[in-house]
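Undergrad: Below, each chain spelled out in residue letters.
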Amino acid sequence: MNVKLLNIKSIFGVAFFSLALLLTGCDSETNTENVEDAIEDLIEEDDELGNDFSKSKQVFYSLPSPIETAMLMKRAGAKYNEDYLNSIDKLSDYSTTKSMSLNLGVYSADLSFSSMFDQSQASIKYLAATKKMAEALGILNAVDKSTIKRMESNVNNRDSLMEIISETFMNSNSFLKENDRAEVAAMILLGGWIEGLYVATQIAKTTSSNKELVERIVDQRLSLNTLASLLGEYKDDENIAELITELSSIQAVFDKIEVSSSKIEVVSSSDSKVTTLKTSTKTTITDEIFEELCDKVETFRNNIVK
Amino acid sequence: MKNIYKYVIILLVLTFVVPTESQAQCKNFAKKVCKLKLLPFVHDGIYNATILSEGETAELFKTFYSGQEYRISICGAEELPPVQFQVLDADRNVLYDNMNEDYSPSWDFKLEASQQLIISIQVLTSDELNDDILSGCVSVLVGFMNVEDSFDQY
Chain L
909 MNVKLLNIKS
919 IFGVAFFSLA
929 LLLTGCDSET
939 NTENVEDAIE
949 DLIEEDDELG
959 NDFSKSKQVF
969 YSLPSPIETA
979 MLMKRAGAKY
989 NEDYLNSIDK
999 LSDYSTTKSM
1009 SLNLGVYSAD
1019 LSFSSMFDQS
1029 QASIKYLAAT
1039 KKMAEALGIL
1049 NAVDKSTIKR
1059 MESNVNNRDS
1069 LMEIISETFM
1079 NSNSFLKEND
1089 RAEVAAMILL
1099 GGWIEGLYVA
1109 TQIAKTTSSN
1119 KELVERIVDQ
1129 RLSLNTLASL
1139 LGEYKDDENI
1149 AELITELSSI
1159 QAVFDKIEVS
1169 SSKIEVVSSS
1179 DSKVTTLKTS
1189 TKTTITDEIF
1199 EELCDKVETF
1209 RNNIVK
Chain R
572 MKNIYKYVII
582 LLVLTFVVPT
592 ESQAQCKNFA
602 KKVCKLKLLP
612 FVHDGIYNAT
622 ILSEGETAEL
632 FKTFYSGQEY
642 RISICGAEEL
652 PPVQFQVLDA
662 DRNVLYDNMN
672 EDYSPSWDFK
682 LEASQQLIIS
692 IQVLTSDELN
702 DDILSGCVSV
712 LVGFMNVEDS
722 FDQY
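Chains L and R supply the protein sequences, listed in that same order.
Quick note: the first sequence uses our numbering, first residue 909, plus one each step.
Quick note: the second sequence uses our numbering, first residue 572, plus one each step.
Just to be clear, a hint being listed does not mean it is correct.
Claimed, not checked - Label pairs and their calculated CB-CB ranges:
1. L/Thr-1153 <-> R/Thr-628: 26 to 34 Å
2. R/Arg-663 <-> L/Ile-1165: 37 to 45 Å
3. R/Asp-702 <-> L/Asn-1064: 56 to 64 Å
4. R/Pro-611 <-> L/Thr-1194: 40 to 48 Å
5. R/Tyr-674 <-> L/Gln-1159: 36 to 44 Å
6. R/Asp-702 <-> L/Asp-1163: 50 to 58 Å
7. R/Thr-628 <-> L/Asn-1087: 24 to 32 Å
8. L/Glu-1173 <-> R/Ser-697: 33 to 41 Å
9. L/Glu-1206 <-> R/Met-670: 45 to 53 Å
10. R/Val-665 <-> L/Ser-1177: 34 to 42 Å
11. R/Lys-603 <-> L/Ser-1177: 55 to 63 Å
Source of the hints: derived by calculation from the structure; they are not laboratory data.
If you're wondering where the values come from, they're calculated on a predicted model, not measured in any experiment.
Even for Gly, the Cβ is constructed at its ideal location relative to N, Cα and C.
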């Protein structure tokens, strides 16, 4: 972030200085001192830039994308149930930037979830919903029209569809960041994250052997930390500030879960190129805390989709 | 006077258009060049790419899940010196450093327990004497192996 600012600042500096030279050039004899002052100012500013340059470090926060969440849930034994997904009948209710951004994330998660479970009809519906939300937010141009066509013609091919969703998500995310709408990108990510967590908790509540799924849900405490850091970057935005406050109630429940971990041991395999990070983690979550977590997530998510 | 307007327009174009154009090129670079290096892993859909100069660093915070196989792929523009990347745990202990593997651009790993890890990258400083500081696009992409049924199903 600093670097981008530095680039713009230095270009501004050069532009301003060149402009000053051009303008003062019309009256050069009387303005020699001014030009010298401008040069001195620029040198001073350069020193300052030099200091910033050595300190600058860009930080990115990466949340699990809807595709990753859907895949984790499927691998953890989740079963598809469309009742948990957001109805597309509510599409027209979303008219503010906040509600459209959050629900684009929600519908993206629902699209990923339905395509991960080979639900073609549902995938077509959620594809239409995400397209409409993206259009309303003015980011449809980030997605090639040919991509939409490819999606529509590959709706029965899960691998292709996942690949196209991944590509589309990547394009939308970068488009927003490049156009100084990073807070919109953050809200889309939050919408996708909460929908994934909501669907997972609903399925876990109604599944008797849900150990793996509950572990995945508890793992989301790690992503919530990342999410909080990401949102914290835009806390001056009114919408984001509200969401940070609302999210803190979920954070408070996650904090009640007891987690102990051993130090990570790095083990390289001689026969495969895959390294294993060995560690043991013990997590204790009572039924009461799990219930409370499910309730908080449901309230937060229902507030978004209402 | 006409010339002055011409220069002002050129300067404004340089000021506002060039940085946006560079970022757009950076995105295309990540999409067209770097994403292919993740194969056969599926890209997680998150785009992390930016323009870095020699000596500059960036960090990516991400949660990685147990039982899942991942590939981290670092990709720098051709004109840049090698990019060093380290993977750190939450206490900033170094788990992997590509300097020990001749600045390998990717690392495949899996975890026994879910962790938040930090991917720290730094563009090395060029050995060649040069008046200009080299800068270019660097991307950090993460992919996961889409293998189903690797957990015990209930």
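Undergrad: For every hint, state whether the structure bears it out.
TA: Evaluation of the provided hints:
About 32 Å separates the C-beta atoms of L/Thr-1153 and R/Thr-628, a value consistent with the hinted range of 26 to 34 Å. The supplied range of 37 to 45 Å is broken by R/Arg-663 and L/Ile-1165, whose beta-carbon atoms lie about 24 Å from each other. Here the CB-CB span from R/Asp-702 to L/Asn-1064 is close to 57 Å, well matched to the stated 56 to 64 Å. Here the CB-CB span from R/Pro-611 to L/Thr-1194 is close to 41 Å, well matched to the stated 40 to 48 Å.
Distance hint check: the CB atoms of R/Tyr-674 and L/Gln-1159 are about 38 Å apart, consistent with the given range 36 to 44 Å. Separation of R/Asp-702 from L/Asp-1163 is about 53 Å and conforms to the stated range, judged on CB atoms against 50 to 58 Å. For the pair R/Thr-628 and L/Asn-1087, the supplied restraint of 24 to 32 Å holds, since their beta-carbon distance comes to about 26 Å. Here the CB-CB span from L/Glu-1173 to R/Ser-697 is close to 36 Å, well matched to the stated 33 to 41 Å.
Separated by about 47 Å at the C-beta atoms, L/Glu-1206 and R/Met-670 satisfy the suggested range of 45 to 53 Å. In this structure the hint that R/Val-665 and L/Ser-1177 lie 34 to 42 Å apart at CB is violated, the actual value being about 19 Å. Distance hint check: the CB atoms of R/Lys-603 and L/Ser-1177 are about 32 Å apart, inconsistent with the given range 55 to 63 Å.
Consistency with the previously given hints fails for numbers 2, 10 and 11, ordered from lowest to highest.
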